[in-house]
Amino acid sequence: MEFFAQLDVTVALIGVLVLFFVLGMLGAVRSMFSKPDEIVERLRSHAAEEAVVRTAVTKHAKSFSADDLAIETETRVQQQLRHANITHPRAVPVFVAAKALLAAFLPLTFLAINQRLTEPVESSLPIAILLAVFGLFLPNFWLSSKVRSRQKSMERTLPDALDLLVTCVEAGLGLDAALARVAGEIRVSSPILADELRVTFLEIGAGMARVRAFRRLAERTGVEDIRSLSAVLAQTERFGTSIAKALRIRAEWMRTKRMQTAEEKAAVVSVKMTVPLVLCILPSLVAIIMGPAAVRISTQLLPYLGGK
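Here numbering that gives the first Met the number 0 is used: the first residue of the sequence shown is 0, the next is one more, and so on.
Bear in mind the hints are in silico, worked out from the structure with no lab data behind them. It should be emphasised that the depicted structure is a prediction, and the values quoted were computed from it without experimental measurement. There may be inaccurate statements among the hints.
[As the list claims (entries may be wrong)] No farther apart than 30 Å at their CA atoms in a straight line, the calculated lysine-lysine pairs in the BS3-like style are these:
#1 151 / 256
#2 151 / 244
#3 151 / 264
#4 256 / 244
#5 145 / 98
#6 98 / 151
#7 271 / 145
[Claimed, not checked] Label pairs and their computed distance ranges (CB to CB):
#8 205 / 85: 20 to 30 Å
#9 259 / 172: 50 to 60 Å
#10 171 / 198: 23 to 33 Å
#11 104 / 278: 37 to 47 Å
#12 187 / 289: 21 to 31 Å
#13 267 / 141: 21 to 31 Å
#14 210 / 244: 53 to 63 Å
#15 147 / 259: 41 to 51 Å
#16 288 / 113: 50 to 60 Å
#17 194 / 258: 50 to 60 Å
#18 139 / 261: 25 to 35 Å
Cβ coordinates follow ideal geometry from the N, Cα and C atoms, glycine included.
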């Protein structure tokens, strides 16, 4: 009876996991093959019922660009994929399908292997549930790690790139040509930042406004320093102030910030060294200091006390 009870629980768990996998795949396939035109037609059909609403929406929609609307409506997963430089149109459905596949594959594999063992694990249901949760969040961990690695690479090189940009602008180059020159100079040290600057240069060369190009640069990277730099460049473009002066002030601020970050990390090192010092070095030091005394006590004092 216990075998059949365990078998019923296993079958029920497999059924739930298969249902979860099928629903995830259906959602991914639906989003993969859905057409924006169908959504637009559906919205238009609803808006046609209310002429006043349609007029108001049309009036206010004119003040927004397509990029603003896309940025506001994109999900957190789309943002992370864009920050990780994964720009394929079907990236989100594939990501969702990978989550569903791993959430079903890991527990099913564990249950299949567990059934073939001579001594199967008794608490297989909680382990299978934990594996399903782990498989569900594993792609998120991978994506977050990729985004952090990419952003840290850009943050390390950004102060040096900004110094080069200041030098090029003060030497007489325009901002567009300076971006292209800096992208070529830092390609070896930071190919990620070089590619992003190159894309911004090409967008400006294709006729895009500088403010919009810098805003897209900040949205693509997700780095806070690049976002603030883009805001500074947008303000200089809007108010007609000196770009070289604004860049120099920003470069000095970023150098100061990098120095403060290095000093902060250096101050934390002593605290972090406490644990390995206590666990590794201190026992060895105690053994070296107290070892000879312990040997002399065991060879001379203990026999004397035992004879007494």
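Hint consistency between residue 98 and residue 151 [alpha-carbon to alpha-carbon, up to 30 Å] = holds (26 Å)
message = Against the range 23 to 33 Å, how does the distance between the Cβ atoms of residue 171 and residue 198 compare: consistent or not?
response = holds (24 Å)
query = Are residue 151 and residue 256 close enough, with their CA atoms no more than 30 Å apart?
reply = holds (15 Å)
query = Taking 53 to 63 Å as the hint, is the beta-carbon distance of residue 210 and residue 244 inside that range?
reply = violated (18 Å)
request  = Evaluate the given range 25 to 35 Å for the C-beta pair formed by residue 139 and residue 261.
outcome  = Roughly 31 Å apart at Cβ, these two residues keep to the hinted range, so it holds.
query = Taking only the CA atoms, is the gap from residue 271 to residue 145 under or equal to 30 Å?
reply = holds (26 Å)
query = Is the hinted pair residue 151 and residue 264 satisfied, with a Cα-Cα distance of at most 30 Å?
reply = holds (15 Å)
inquiry  = Need the status of pair residue 256, residue 244: alpha-carbon distance at most 30 Å?
reply    = holds (18 Å)
task = For the pair we were handed, residue 151 and residue 244, check the Cα-Cα distance against 30 Å.
result = Roughly 27 Å separates the two Cα atoms, so the pair holds.
inquiry  = Tell me if the beta carbons of residue 104 and residue 278 are separated by a distance inside 37 to 47 Å.
reply    = holds (39 Å)
query = At the C-beta level, are residue 267 and residue 141 separated by a distance inside 21 to 31 Å?
reply = Between residue 267 and residue 141, where Cβ atoms are some 28 Å apart, the hint holds.
query = Are the Cα positions of residue 145 and residue 98 separated by 30 Å at most?
reply = holds (16 Å)
Of the numbered hints listed earlier, those contradicted by the structure are 9, 12, 14, 15 and 17.
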